[in-house]
Structure formats: C-alpha cells, structure tokens
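A.B. asks: One letter stands for each residue in the lines below.
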Amino acid sequence: MNRVTLFFHKAGSPPWFYRVSGLLIPWFWAIFIVLTAIGLYLGLIKAPVDYQQGETVRIMYLHVPSAWMSMMIYGFMAIMGFIALVWRIRMMEVLVISSAPIGAAFTLIALITGSLWGRPMWGTFWVWDARLTSELVLLFLYFGVIALYKAYDEPRKAARAASLLSIVGAFNLPIIYFSVVWWNTLHQGSSFTGDGPGIHPSMLWPLLIMATTMKFYYGASLLSRARLTLLKQDHRKRWVQDLLSGENS
Amino acid sequence: MSQQSSKTAFLALLRRDFLLAYRRRAELLQPLAFLLVVTALFPLGVGPSPQLLASIAPGVIWIAALLATVLSLDSLFRSDFEDGTLEQMVISGQPLALIALARTVAHWLVAGLPIVLLSPLLALWMNLPDEGMSILIETLIIGTPVLSLIGAIGGALTVSLKRGGQLLSLLVFPLYVPLLILATGAVSAAIVGLPYAAQVYYMYAGLIAALTLAPFATAAALKLSLS
Numbered sequence: 001m002n003r004v005t006l007f008f009h010k011a012g013s014p015p016w017f018y019r020v021s022g023l024l025i026p027w028f029w030a031i032f033i034v035l036t037a038i039g040l041y042l043g044l045i046k047a048p049v050d051y052q053q054g055e056t057v058r059i060m061y062l063h064v065p066s067a068w069m070s071m072m073i074y075g076f077m078a079i080m081g082f083i084a085l086v087w088r089i090r091m092m093e094v095l096v097i098s099s100a101p102i103g104a105a106f107t108l109i110a111l112i113t114g115s116l117w118g119r120p121m122w123g124t125f126w127v128w129d130a131r132l133t134s135e136l137v138l139l140f141l142y143f144g145v146i147a148l149y150k151a152y153d154e155p156r157k158a159a160r161a162a163s164l165l166s167i168v169g170a171f172n173l174p175i176i177y178f179s180v181v182w183w184n185t186l187h188q189g190s191s192f193t194g195d196g197p198g199i200h201p202s203m204l205w206p207l208l209i210m211a212t213t214m215k216f217y218y219g220a221s222l223l224s225r226a227r228l229t230l231l232k233q234d235h236r237k238r239w240v241q242d243l244l245s246g247e248n249s
Numbered sequence: 001m002s003q004q005s006s007k008t009a010f011l012a013l014l015r016r017d018f019l020l021a022y023r024r025r026a027e028l029l030q031p032l033a034f035l036l037v038v039t040a041l042f043p044l045g046v047g048p049s050p051q052l053l054a055s056i057a058p059g060v061i062w063i064a065a066l067l068a069t070v071l072s073l074d075s076l077f078r079s080d081f082e083d084g085t086l087e088q089m090v091i092s093g094q095p096l097a098l099i100a101l102a103r104t105v106a107h108w109l110v111a112g113l114p115i116v117l118l119s120p121l122l123a124l125w126m127n128l129p130d131e132g133m134s135i136l137i138e139t140l141i142i143g144t145p146v147l148s149l150i151g152a153i154g155g156a157l158t159v160s161l162k163r164g165g166q167l168l169s170l171l172v173f174p175l176y177v178p179l180l181i182l183a184t185g186a187v188s189a190a191i192v193g194l195p196y197a198a199q200v201y202y203m204y205a206g207l208i209a210a211l212t213l214a215p216f217a218t219a220a221a222l223k224l225s226l227s
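From first to last, the protein sequence lines are chains V and D. Taking the numbering used here, the leading residue of the first sequence gets 1, the next gets one more, and so forth. Taking the numbering used here, the leading residue of the second sequence gets 1, the next gets one more, and so forth.
One chain only, chain V, in its complex shape (with noise of 0.2 Å):
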C-alpha cells in the first residue's frame, strides 16, 4: 500500500482521526489567538482611518474574512460531500455536518457586519443588493443542509443526504451569484481584483492575517465538532469506551 493509500485508510478510521485531531487542536487554538490577537491589534488601532469611509473602515477586517470563509466553507462541504458519497468514507460524513454550523456562523456574521457597516455608509442597514442577496440565499442553504440532518433520525443517513445536498448547492451557488449580480448591484467591487486603486500595505496586511487566522478558527472548531459527533455516534464502541476508562482511570 502506498503512502497516499495508507493515509486515506488511516484518515477514514475514527480511532486515528480522534487521536491525531487531539494533537492538532491545541495548536490551531493557539495560532488562532495569537493571530486574532496580531490582526485586531493592526486592524483596529494601527491601521489608517479611511478618508471616505472614517472608521468604520475597521468592520471590514471582521467582515471580508468571515464573508470569505461563509464561501469556502461552502465550498469544502460540497468537496468532502461528493467524496463522501463516491468513496463511502464516513469521516467526510462527519466533516461534512460538521463545518454546516461553523459555515452557517460566518455568513451570520458577514450579514450582521455588513448591515452595521452599511447603516453610517449607505444610510440602511439593508439593501437588496447582489451581494448581500446571496449571501442570504447562501445562509438559507446552509439552513437547509442543517435542516435536513436534523431531520433524518438514523445520523449517516442525514449525513449522505446533507451532502447531497450541499453538491447541488454548491452548483447552484455561481449561478445564483450572477444572477444577482446582473439583478442589481450597489456593493463595491472587490479591493483585490478590480480595476480601481488597490489596497494600500497598511490595511492589506491586518485583513490578510484576519482572514488566516479564521482558517485555523475553522480548522479547530471544526475538528472539536468532528470529534464530538464521533463520540457520540459511536459511543458503545469499542475505542470510544477504551477511550472513556482510560482517561477516567
């Protein structure tokens, strides 16, 4: 067996996945601190007042990441989905329902932020603009994957169909966006690829490390969830009570 094999088959087995996301927990917690701590430090105090937009400027560190990770996020359920349905493997189950909360939280977030930006800015706190239109329709989605785990009684089951789900979305979801975007639009363009002026250093640097510092939020949230389920999908099992004596021991 290969080594790419070999990890596979190791990443599949609950016992493995427990015990080396155990490991890695800590350190993603860490990084994450000490990163927010970096990125809110320059953001919110060393980073120059917009001459347009004052401070409220600084939402946008919290805002853009989180706006960024609602998509990604999306967009891995949808990967972990389809690998989930092709290969049978029951831990991109897990990882699948597992990152439908955390997915669900950012895009919460990047709406609330936004419509507190967008009160002093655009004088409302709400506008049927593209992009705030989808990512409400995303939020809806994430609704909809989270609905229909819950809803299902036996838990792979409402796994493979959250995942099913996510992949039609997840193929839904350009579509949707243009379609508001050639609906109307008033947001600015992105900072990053447009045509205007770019971002200058001072303000690049915080949101850049803003928007690493929640990878690593969701990569520890996400893995304390995945265990989390693990041990409660499989608490008469074998490993789970070895587990349990042990630490009790």
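For the record, the hints were derived by calculation from the structure and aren't laboratory data. Treat the numbers as computed from the prediction; the structure is a model and nothing was measured. A virtual CB, placed ideally from N, CA and C, is assigned to each residue, including glycine. Take the hints with a grain of salt, since some may be wrong.
Stated by the list, open to error - In silico EDC-like cross-links for lysine to aspartate or glutamate, where the CA-CA straight-line distance does not exceed 20 Å:
1) V:Lys157 / D:Glu87
2) V:Lys232 / V:Asp129
3) D:Lys223 / D:Glu27
4) V:Lys150 / V:Asp234
5) V:Lys232 / V:Asp242
6) V:Lys150 / D:Asp74
7) D:Lys223 / D:Asp74
8) D:Lys223 / V:Asp153
9) D:Lys223 / D:Glu131
10) V:Lys237 / V:Glu154
11) D:Lys162 / D:Glu87
12) D:Lys162 / V:Asp242
13) D:Lys162 / V:Asp153
14) D:Lys223 / D:Glu82
15) D:Lys223 / V:Glu154
16) V:Lys10 / V:Asp242
17) D:Lys162 / D:Asp74
18) D:Lys162 / D:Asp83
19) V:Lys157 / D:Asp130
20) D:Lys162 / D:Glu82
21) V:Lys157 / V:Asp234
What the hints assert, rightly or not - Calculated Cβ distances over 10 Å to all of chain V for the following chain D residues:
22) Ala21
23) Leu36
24) Val37
25) Gln51
26) Asp74
27) Glu87
28) Gly93
29) Leu113
30) Pro114
31) Val116
32) Asp130
33) Thr158
34) Gly206
On the provided structure of chain V, position chain D as indicated by the hints.
C.D. replies: Showing chain D alone in chain V's frame:
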C-alpha cells in the same frame, strides 16, 4: 439493458402516472386552486390600483407558480415510497435516473403545464400589460419544467421523512432564486420595451442543464432515501 426496453419502461411509467393523476383529480386541482387564491390575495393586500398591480404582476405570478409547484412536489414520490413501488422500480434494473425523469416529466405535465394554461387569467387579474403577456407564457413554459426538475431532488431527499413538506420548501426555494430573477426580469423588460433575449436564453440554458443533471441527483437522493 437495451434501449428499447428503457423506452418502454419510460412510456409505461408515464402512462401509469397519467392514469393515477386522472383518478386523483381532486388532489391535482388543489395546487391550482392554491395558485388562484394566492394571486387573488395580492390585489386585496396591496390595493386594487391598476398601475401598482401591473408593476408587481410578473413577480406575483411567478412566486405564486413557485409556491404551487412546491405544494405539489411533496406528493411526487411519497405514495410510491410508502407502498413500496419505488423499491420495485429500483430493482427493476432500469436506470434510476430514467425513472426519476419519467416521474418528473409526468409531474410537469399534470402540475406545471396547468400553471402555464392558467397564467393568462392570472395576468388579467394582475393587470399585466399586453406587451408582457406572450413573454410571461414563454418564461413559464421554459421555467416550470426547471421547477419540477430541481424540486424533484428535494422531493426525493425528503420522501422518507414524516413531515417532509415544510423542509422541502426550505431546501428548494433558495435553488429557485436564479430562475425567478431571470423570468421576472425578462417579463419586466418586455413590458417597458427593452430587449429580453439574454434572460430567455439563460433560462433555456438552465432548462438544458437541469434536464441533463437533475435526474441523476434525484436518482442518488432516491437511493439514499431507500437505503
């Protein structure tokens, strides 16, 4: 499995579904009555001003069509699931995607097509300008099959659940967003005399994509529900 027998199976399924639909006429009429009632509520709710009604007409008619479709989707696979017919279809050896497609086509013919046929009456109630009439019917002809095709995925995912109906609407409405935007955009553009070909072409593209991909997703969801 030969091509001939697949075709026979497809036609046999269609014939069976029509017969079933004909024998449960009252059940078929419910979504249509719902469509009429919902549309009639709008003038009562927003006021009978002809200009106001005309400006919201494309959206109201299309949303009523979405709601009526979702209402009829819950029963798409349910009775077949409950009496075991679905299992027999799976073990029949015919491709499950083909069976899903046959069910969806039958669903469109008995639930989607009547919406198209009723739409002139709805347009009349909502005071839709004459310029929008033909394009409203065209978007409904292209769009209602897509509603059935995408909705079938949701119907297949929720068929084994006791109370799948409410969940179904949460699952499929977000997926209907692009269609709603394109269709109402096309009708609104036609009313004010703007070109609307782009929206209609995108809808055709959506129809072709849904027709080719959705039956496979529905088949996967059906297998999952039966497992």
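A.B. asks: Would you mind marking each hint as holding or not holding in the structure?
C.D. replies: Verification of the hints:
As the CA atoms of Lys157 (chain V) and Glu87 (chain D) are separated by approximately 17 Å, the hinted pair is consistent with the 20 Å bound. For the hint pairing Lys232 (chain V) with Asp129 (chain V), the CA-to-CA distance comes to about 42 Å; that exceeds 20 Å, so the pair is violated. Of the pairs offered as hints, the one joining Lys223 (chain D) and Glu27 (chain D) is violated, with about 27 Å between alpha carbons and a cut-off of 20 Å exceeded. With a C-alpha separation of about 18 Å, the suggested pairing of Lys150 (chain V) with Asp234 (chain V) holds against the 20 Å cut-off.
Straight-line distance between C-alpha atoms of Lys232 (chain V) and Asp242 (chain V) comes to about 15 Å, which keeps the hinted pair within the 20 Å bound. Of the pairs offered as hints, the one joining Lys150 (chain V) and Asp74 (chain D) holds, with about 19 Å between alpha carbons and a cut-off of 20 Å not exceeded. For a cut-off of 20 Å, the pair hint linking Lys223 (chain D) to Asp74 (chain D) stands: about 17 Å separates their Cα positions. A C-alpha spacing of about 17 Å is found between Lys223 (chain D) and Asp153 (chain V), which places the hinted pair at or below 20 Å, so the restraint holds.
For the hint linking Lys223 (chain D) to Glu131 (chain D), the alpha-carbon distance of about 46 Å lies beyond 20 Å, and the restraint is violated. Between Lys237 (chain V) and Glu154 (chain V) the alpha-carbon distance is near 17 Å, which keeps this suggested pair within the 20 Å criterion. The straight-line distance between the Cα atoms of Lys162 (chain D) and Glu87 (chain D) is roughly 18 Å, inside the 20 Å bound, and the hint therefore holds. Taking the CA atoms of Lys162 (chain D) and Asp242 (chain V), the gap is about 37 Å. The hint is violated against a cut of 20 Å.
For the suggested pair Lys162 (chain D) and Asp153 (chain V), the alpha carbons sit about 11 Å apart, so the restraint of at most 20 Å is met. About 14 Å separates the Cα atoms of Lys223 (chain D) and Glu82 (chain D), which keeps this hinted pair within 20 Å; it holds. A hinted pair counts as satisfied when its Cα atoms are at most 20 Å apart, and Lys223 (chain D) with Glu154 (chain V) qualifies at roughly 15 Å. For the suggested pair Lys10 (chain V) and Asp242 (chain V), the alpha carbons sit about 19 Å apart, so the restraint of at most 20 Å is met.
Restraint check for Lys162 (chain D) and Asp74 (chain D): the C-alpha separation of about 11 Å stays at or below 20 Å, so the hint holds. Our distance criterion of 20 Å between C-alpha atoms is met by Lys162 (chain D) and Asp83 (chain D), whose separation comes to about 14 Å. Proximity of Lys157 (chain V) to Asp130 (chain D) is assessed by CA-CA distance (about 50 Å); at most 20 Å being required, the pair is judged violated. Taking the CA atoms of Lys162 (chain D) and Glu82 (chain D), the gap is near 11 Å; set against the 20 Å cutoff, the hint holds.
Taking the CA atoms of Lys157 (chain V) and Asp234 (chain V), the gap is about 15 Å. The hint holds against a cut of 20 Å. The beta carbon of Ala21 (chain D) is kept farther than 10 Å from every beta carbon of chain V, the shortest such distance being approximately 27 Å. Look at Leu36 (chain D): its CB is around 27 Å from the nearest CB on chain V, clear of 10 Å, so calling it non-interface holds up. With a closest Cβ-Cβ approach of about 25 Å to chain V, Val37 (chain D) is found to remain outside the 10 Å limit, as its non-interface label requires.
Here Gln51 (chain D) stays apart from chain V, with its beta-carbon at least about 21 Å from theirs, past the 10 Å limit. Its beta-carbon lying about 13 Å from the closest one in chain V, Asp74 (chain D) satisfies the requirement of being farther than 10 Å from that chain. Against the 10 Å criterion, Glu87 (chain D) stays outside the reach of chain V, whose nearest CB is about 16 Å from its own CB. Non-interface call for Gly93 (chain D) relative to chain V: holds, since the shortest CB-CB distance, roughly 22 Å, exceeds 10 Å.
Every CB of chain V is more than 10 Å from the CB of Leu113 (chain D) (nearest about 25 Å), matching its label as outside the interface. Residue placement check: Pro114 (chain D) keeps its beta carbon more than 10 Å from all beta carbons of chain V (closest about 26 Å). Against chain V, the non-interface label of Val116 (chain D) holds: every CB pair exceeds 10 Å, the least being about 22 Å. Under the 10 Å C-beta cut-off, the non-interface status given to Asp130 (chain D) relative to chain V holds; the minimum distance is some 25 Å.
A cut-off of 10 Å between C-beta atoms contradicts the statement that Thr158 (chain D) is not in contact with chain V; the least separation is 7 Å. The beta carbon of Gly206 (chain D) is not kept farther than 10 Å from every beta carbon of chain V, the shortest such distance being approximately 8 Å.
The structure shown violates the earlier hints numbered 2, 3, 9, 12, 19, 33, 34.
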